[in-house]
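Peer 1: Chain A is fixed; fit chain B onto it per the hints.
Heads up: the protein sequence lines correspond to chains A and B, in order. Convert by adding 703 to the 1-based position in the first sequence; the result is the number in my numbering. Convert by adding 703 to the 1-based position in the second sequence; the result is the number in my numbering.
There's no promise every hint is true.
Per the computed footprint, the stretches of chain A lying under chain B, defined by three or more beta-carbons under 8 Å from a beta-carbon of chain B, are [stated by the list, open to error]:
| hint | segment |
| --- | --- |
| 1 | 734 to 740 |
| 2 | 755 to 762 |
| 3 | 767 to 773 |
| 4 | 781 to 795 |
In silico DSS-like links for lysine-lysine, alpha-carbon gap of 27 Å or less [said to hold, decoys possible]:
| hint | chain 1 | residue 1 | chain 2 | residue 2 |
| --- | --- | --- | --- | --- |
| 5 | B | LYS818 | A | LYS751 |
| 6 | A | LYS736 | A | LYS751 |
| 7 | A | LYS717 | B | LYS736 |
| 8 | A | LYS736 | B | LYS736 |
| 9 | B | LYS736 | B | LYS751 |
| 10 | A | LYS818 | B | LYS736 |
| 11 | B | LYS717 | A | LYS736 |
Since the hints were derived computationally from the structure, they do not count as laboratory data. If you're wondering where the values come from, they're calculated on a predicted model, not measured in any experiment. Yeah, the Cβ is synthetic: ideal placement off N, Cα and C, and Gly gets one too.
2 protein chains.
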Amino acid sequence: MAGRHFEDFVQGMKSTLGPIAVTEPVLIEFARKYDPQPIHVDPVAAGKGPFGGLIASGWHTASLVMRVLVDSYLPRDAQLASPGIDELRWLRPVRPGDSLGVTVTVLEARRSQSKPDRGLVRTGIEAVNQNGDIVMSLIAMNLFRCRREAE
Amino acid sequence: MAGRHFEDFVQGMKSTLGPIAVTEPVLIEFARKYDPQPIHVDPVAAGKGPFGGLIASGWHTASLVMRVLVDSYLPRDAQLASPGIDELRWLRPVRPGDSLGVTVTVLEARRSQSKPDRGLVRTGIEAVNQNGDIVMSLIAMNLFRCRREAE
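Chain A extracted, bound-state conformation (with noise of 0.2 Å):
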């Protein structure tokens, strides 16, 4: 989101985003690259196991969903590096055909108290699919510039 900065991210605030539509041909290209495993790429043999069919990769689902934290989220221009995630729990399989919506909840905004221009923010984030059930979820950790300078 252009022109948003620390100061926009304030302890309670939720936010919905999405849907992500999952479909099984970009679920396949992006398992045959990174996570080849059969319950991934092959539609047979993932019918035979556990799940009953293809499921996507649990990288693959957190990277779909930073792309709607990119696309409807994130400050454009305000955003540094992330140190990091935490809590991330794949709770149930994603499926070709499923619709996610994202959740958002900003779990706590503080300025840096060494570098006066930057916060970190740590948000909530879930990914919900079209029968309400999470499917992820996980905690992240942003570093985001500040608008004014603390005083």
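Peer 2: Leaving out everything else, chain B in the frame of chain A:
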């Protein structure tokens, strides 16, 4: 790895995998699809940014490491779905031309109490660049089938 089961993962076991060659076309291709921030897709804009050039999306680095794990570490037939990841950290930038090694350490391996056909393995994973710098670290949880059920 064909034939590997839960019993083959023992606390303290270390492995070194890779190398992974990071190339600019692949870095940009991933980022255009999943993380199209200027620092990942626009060499000119990234050159003026804090890292002085393009860096890989953190999700791309994680996905590249996953590919190496699938190719040369995880059990081919005994791997069940992963519950998730803890403490994923992007510690230093990954740049075009980098060559990443992956070090893998079994932190904990315990049989399931409720399902005697499987066990949970917690694994510390580090990606290290050609200068010896750790660029990413994470703790993975995996469920693997046992070769023999607990008695």
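Peer 1: Hint by hint, which ones does the structure fall short of?
Peer 2: Hint check: 10 fails alone, others pass.
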